[in-house]
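Enquirer: Since the structure of chain A is already known, use the hints to place chain B on it.
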Amino acid sequence: MSKVTDILNEVFDDESYLTCEDLVETGLVDSFEMMEIVEALEDEFDIEISGRDIVPENFANVATIEALVEKYL
Amino acid sequence: MIKTVLDYLEASASKYPGKTAVTDIRGSYTYSELLKHTREVGSYLAGQKLPVNSPVVVIMDKCKEALASFWGVNYAGGIYAPFDCHAPAARLGLIMEFLKPAYVITDREHFDKASEIAPSERILVFEDICDTEIDEATLSEIVAERIDTDPAYIICTSGSTGIPKGVVISHRAVIDFTEEASEEMEFTSKESFANQAPFYFDASVPDLYCTIRNGATLHIIPSDWFTFPIKVLDYIAEHKINAIYWVPSALVVTANLRALREVDVTCLKKIMFCGEVMPVKQLNQWRKYIPDAKYVNYYGPSETTYASTYYVIDREFSVDEALPIGRAAKNTGVLILNDENKACAPGEVGELCIRGSGVGLGYYNNPAKTAEAFVQNPLSPFYRDIMYRTGDLVSENERGEIEYVGRKDFQIKHMGYRIELGEIENAAAGEDGVDRVCCVYKDSKIMMYYQGRIKKEALEAAVASKVPEYMVPSVFVKLGAMPMNANGKIDRVFLNSSEAPKE
Numbered sequence: 001m002s003k004v005t006d007i008l009n010e011v012f013d014d015e016s017y018l019t020c021e022d023l024v025e026t027g028l029v030d031s032f033e034m035m036e037i038v039e040a041l042e043d044e045f046d047i048e049i050s051g052r053d054i055v056p057e058n059f060a061n062v063a064t065i066e067a068l069v070e071k072y073l
Numbered sequence: 001m002i003k004t005v006l007d008y009l010e011a012s013a014s015k016y017p018g019k020t021a022v023t024d025i026r027g028s029y030t031y032s033e034l035l036k037h038t039r040e041v042g043s044y045l046a047g048q049k050l051p052v053n054s055p056v057v058v059i060m061d062k063c064k065e066a067l068a069s070f071w072g073v074n075y076a077g078g079i080y081a082p083f084d085c086h087a088p089a090a091r092l093g094l095i096m097e098f099l100k101p102a103y104v105i106t107d108r109e110h111f112d113k114a115s116e117i118a119p120s121e122r123i124l125v126f127e128d129i130c131d132t133e134i135d136e137a138t139l140s141e142i143v144a145e146r147i148d149t150d151p152a153y154i155i156c157t158s159g160s161t162g163i164p165k166g167v168v169i170s171h172r173a174v175i176d177f178t179e180e181a182s183e184e185m186e187f188t189s190k191e192s193f194a195n196q197a198p199f200y201f202d203a204s205v206p207d208l209y210c211t212i213r214n215g216a217t218l219h220i221i222p223s224d225w226f227t228f229p230i231k232v233l234d235y236i237a238e239h240k241i242n243a244i245y246w247v248p249s250a251l252v253v254t255a256n257l258r259a260l261r262e263v264d265v266t267c268l269k270k271i272m273f274c275g276e277v278m279p280v281k282q283l284n285q286w287r288k289y290i291p292d293a294k295y296v297n298y299y300g301p302s303e304t305t306y307a308s309t310y311y312v313i314d315r316e317f318s319v320d321e322a323l324p325i326g327r328a329a330k331n332t333g334v335l336i337l338n339d340e341n342k343a344c345a346p347g348e349v350g351e352l353c354i355r356g357s358g359v360g361l362g363y364y365n366n367p368a369k370t371a372e373a374f375v376q377n378p379l380s381p382f383y384r385d386i387m388y389r390t391g392d393l394v395s396e397n398e399r400g401e402i403e404y405v406g407r408k409d410f411q412i413k414h415m416g417y418r419i420e421l422g423e424i425e426n427a428a429a430g431e432d433g434v435d436r437v438c439c440v441y442k443d444s445k446i447m448m449y450y451q452g453r454i455k456k457e458a459l460e461a462a463v464a465s466k467v468p469e470y471m472v473p474s475v476f477v478k479l480g481a482m483p484m485n486a487n488g489k490i491d492r493v494f495l496n497s498s499e500a501p502k503e
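As you go down the protein sequences, you meet chains A and B in turn.
Mapping of the first sequence onto our numbering: residues 1 to 73, in sequence order.
Mapping of the second sequence onto our numbering: residues 1 to 503, in sequence order.
Note that these hints are calculated values from the structure, not bench results.
Treat the hints with care, since some could be wrong.
Stated by the list, open to error - Computed, partial: chain A to chain B, Cβ under 10 Å:
#1 K3
#2 V4
#3 I7
#4 F32
#5 E36
#6 V38
#7 E39
#8 D46
#9 V55
#10 P56
#11 V62
#12 A63
#13 E66
Said to hold, decoys possible - Computed from the model, here is a short list of chain A residues facing chain B with C-beta under 7 Å:
#14 V11
#15 L18
#16 C20
#17 M35
#18 A67
Claimed, not checked - No farther apart than 27 Å at their CA atoms in a straight line, the calculated lysine-lysine pairs in the BS3-like style are these:
#19 A:K3 - B:K455
#20 A:K71 - B:K231
#21 A:K3 - B:K456
#22 B:K342 - B:K294
#23 A:K3 - B:K478
Don't be surprised by glycine CBs; every beta carbon is placed ideally from N, CA and C.
Bound-form chain B, shown alone:
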């Protein structure tokens, strides 16, 4: 039985020792090199008597050394916590307060950043610890004591309040996701993945684990290349990349910045996305240029390990339609509950709740928030059965597929009607000349903020043609740039505040 994610790494290193495991713009590691550096980091930490199940922060740009650091922490029995090296020190400081990590691993390049958040005796520089002599005996001793439900990593997210929380994910959760994805997508050692998401974001989890599970190769693409996607596509064509797990925004930008028609990237056979709603308009462009690929729309919060449901795109969609988020992944249970905690009938809108091995262990050092979101399944009150309340509203369509409706926090009551702000946003998002859109409810008024070249009057007319009159925003605000939060999502906290522009 596969017990920890390290089993993946060891198996691939013994099967494909000389094969490239990971490559970044500075160089590559073969599987045996990756395993070696991982064990070196692990040996160093074990030598420092890292307490088991304690967090170790890794703060560097996404690179191959980050991977050796992550799994090195796991070898020493710790939990790795990737940090965004571009985030303001004040925000990282908030996370440090509840994480209280034993160590912060960085590289020479980011030493100054690490120094802003941790005292120097807690900072380990990768270049200094990566040639530690491997202590086989101690590492095997530690690994032998690990069980599959032990934590593997902590991903920090900020909820709608903007206060960060650390989601704790077990080895079992990662393994179950990876097994399911590998089976569904028929991954083999021939796979080449092009990573887009930063490692502090859980959208990168499939890249890392589907790679080492299958003895495949991971290509780490620098984040700033995505502003000029032609470079990314040239890279994909040159290296014959065949699989990508990207966030929808990256697919949208690539389509809108005219890159798809310039480069033949039909080498891509498996195109997967998760993290936001994928607009059909741009999906259709991808399908036009790469008709033979398998496209999969994944859904799931970080709290339940990358994705809990998925939909393999099997039919045509028009720009006014939304993609379903499909059905539950294996070993995952999904419940749609109404306000009285009863199961919804098909077609009825309710909150999506997730059960199963992918459910996280909770928020690190935050029992109050954990108790709010990770709760007993009300439908089975007689034994322990924990489910995660996603806060997402969904309904089941006549095909038995789940459809995303919006966020529960964005459900409002206006003029006696119950309204999903997400539905109004969707009505606007399909319009030409709308790049980003966000609706808020302030002072009993629905306000729509948007970024894009469409004129206010045209947008209002378009929205009015799609939604009932009581849902048409009373104010439209065109913004030069949409305010974004640290997680790269639209900053609703700011737009809801009194500081946001009013017209």
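In isolation and in its complexed conformation, chain A is listed as follows:
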């Protein structure tokens, strides 16, 4: 499921997100980046993410994003 990291690599200019404990808490991701991530995940995995799942807990790091995608596959 390294596709998620591929997507994040496109969104973030460097790889500091990989070691970041919480993308949201640390302010690394803003609302426009969130839009990009969500759209890219939906395209890549051909899923439709519910607005109810677009919450900080699901976007804290690569593992939580992968778990979210898993739920839709």
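Expert: Below, chain B alone, put in the same frame as chain A:
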């Protein structure tokens, strides 16, 4: 006659003393509590002999205590200047240099931040001054001497150069805007507003003043909630919020992050936006989910008090169309002037210039910049008639509505053609997979920077299908994240510099 904004607060406090005026995540103030704390802050400052018409900085997160501080400064005859508590100290330092405020009001949480920009004897902590005994006699004496054209607040903006300026706005300007908006939107004491914009940004002005003018309730939503808008919409539904003044970005994010289809927010009846171009694509989504609300597109720079023109959305728009910015607000005059300072004919593109009571008093302590932008109306040279040159290019359509074309600074000459970079940006912005876009003109080349998942080739083809060949950018640069400046706008200064990515 309403003379200062404090008249709004006093009237609502006497009419609705026990009603909630403002609520934030930590608690609420009733109108009588808000007035009390406001007068306490005012009494403290008056006790310190704050010179009239001198600025006082307020640096805290948006919260109810900030409001008591703002109007407390006004009670003492001062001008309040909200600061962004997240901005780098170096930038705030630049503003402190020309503002030279007598005091900086902060709260315990932001004391360290305040200490980075001001000496400790100039810092007042809200928690320490808010139980000052109210000095009725002195406050009424000060307020009695105020006139409506005295300054109420200073909002700091950074122009295209990135050097900050402080726009000075009078009580009269705020009152005229608030009266007009309240009439047009039929605001009453039943209104509940959900604030989105930070207080250091003038997009929050209607929230504050339409609330206290009408005895309504203001809900302050924390800024970071907007990254996950479902939480904001849940709050709106739970508290039956019916009116919002948001920036278009917040509406776009809410639509794009799938929040609208999850929560029933048809309690929203009045949806207003200002500050940037509202994309039709996302507006149409809002209209689909909340068809019965009244939608208003406001236009205006901070220099002319939130908004000078507005358009009540009265018809359908397709994604390729731009929303008009409408007509002049009451007591506002708009002129569209060409390069020779003559009035443009309908359809002709010219610079929008604004006259009227909403026009600001100038840039604080900056006569040179003031003289450049606040100028004599060339069409009436025989008496003093000041207008503000917005630097925005507009034209009037066949319905008599004003349409925004772009920034004058972004008008370029390329291969002999006069081109508005904004027009190329609009052509790209309507495409799926484009989140943010910015065109610059560098080394005789049009370059398009964008953020979004669309591929360069697809974007180029889309733009080429909409604009003439000479306007198609020769370089497309896909960015992971668009660089943003301190005001939350795209950092054009950086993109224009040689440090910006070239491919």
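Enquirer: Against each hint, give a clear statement of whether it holds in the structure.
Expert: Structure-based check of all given hints:
The criterion of a C-beta within 10 Å of any C-beta in chain B is not met by K3 (chain A), whose closest approach is roughly 13 Å, and the hint is violated. A hinted interface residue such as V4 (chain A) counts as satisfied when its beta carbon comes closer than 10 Å to some beta carbon of chain B; here the least separation is about 14 Å, so the hint is violated. For I7 (chain A), the suggested interface contact is upheld, since its CB lies about 9 Å from the closest CB of chain B, less than 10 Å. Hint status for F32 (chain A) relative to chain B: holds, with the closest Cβ pair at about 5 Å, below 10 Å.
Look at E36 (chain A): its Cβ gets to within about 6 Å of chain B, closer than 10 Å, so that hint holds up. Contact between V38 (chain A) and chain B, as hinted, is supported at the beta carbon level, the nearest pair being about 6 Å apart and thus within 10 Å. Among the interface hints, the one on E39 (chain A) holds; its C-beta lies about 5 Å from the nearest C-beta in chain B, closer than the 10 Å criterion. Here the hint on D46 (chain A) is broken, as its CB sits about 14 Å from the closest CB of chain B, past 10 Å.
Hint on V55 (chain A) holds. Least Cβ distance to chain B is approximately 5 Å, under the 10 Å limit. For P56 (chain A), the shortest C-beta to C-beta distance to chain B is roughly 6 Å, which falls under 10 Å, so the interface hint holds. The interface hint given for V62 (chain A) is broken, as the beta carbon of that residue sits about 16 Å from the closest beta carbon of chain B, more than 10 Å. Hint status for A63 (chain A) relative to chain B: violated, with the closest Cβ pair at about 18 Å, above 10 Å.
Using the Cβ-Cβ criterion of 10 Å, the hint placing E66 (chain A) at the interface with chain B is not satisfied: the shortest such distance is roughly 19 Å. Of the supplied interface hints, the one on V11 (chain A) holds, with its beta-carbon coming within about 5 Å of a beta-carbon of chain B, less than 7 Å. A cut of 7 Å between beta carbons decides the hint on L18 (chain A): the least distance to chain B is about 14 Å, and the hint is violated. Interface hint status for C20 (chain A): violated, as the beta-carbon distance to the closest one in chain B is roughly 14 Å, over 7 Å.
Nearest Cβ of chain B to the Cβ of M35 (chain A): about 5 Å, under the 7 Å cut. The hint holds. The interface hint given for A67 (chain A) is violated, since its Cβ lies 17 Å from the closest Cβ of chain B, which is over the 7 Å cut-off. Of the supplied pair hints, the one linking K3 (chain A) and K455 (chain B) holds, its CA atoms being roughly 17 Å apart against a limit of 27 Å. As the CA atoms of K71 (chain A) and K231 (chain B) are separated by approximately 21 Å, the hinted pair is consistent with the 27 Å bound.
Note on K3 (chain A) and K456 (chain B): the hinted pairing holds, with a Cα-Cα distance of about 21 Å set against a maximum of 27 Å. The suggested pairing of K342 (chain B) with K294 (chain B) is violated, with an alpha-carbon distance near 36 Å, which exceeds 27 Å. Simply put, K3 (chain A) and K478 (chain B) have alpha-carbon atoms about 19 Å apart, close enough for the 27 Å limit, and the pair holds.
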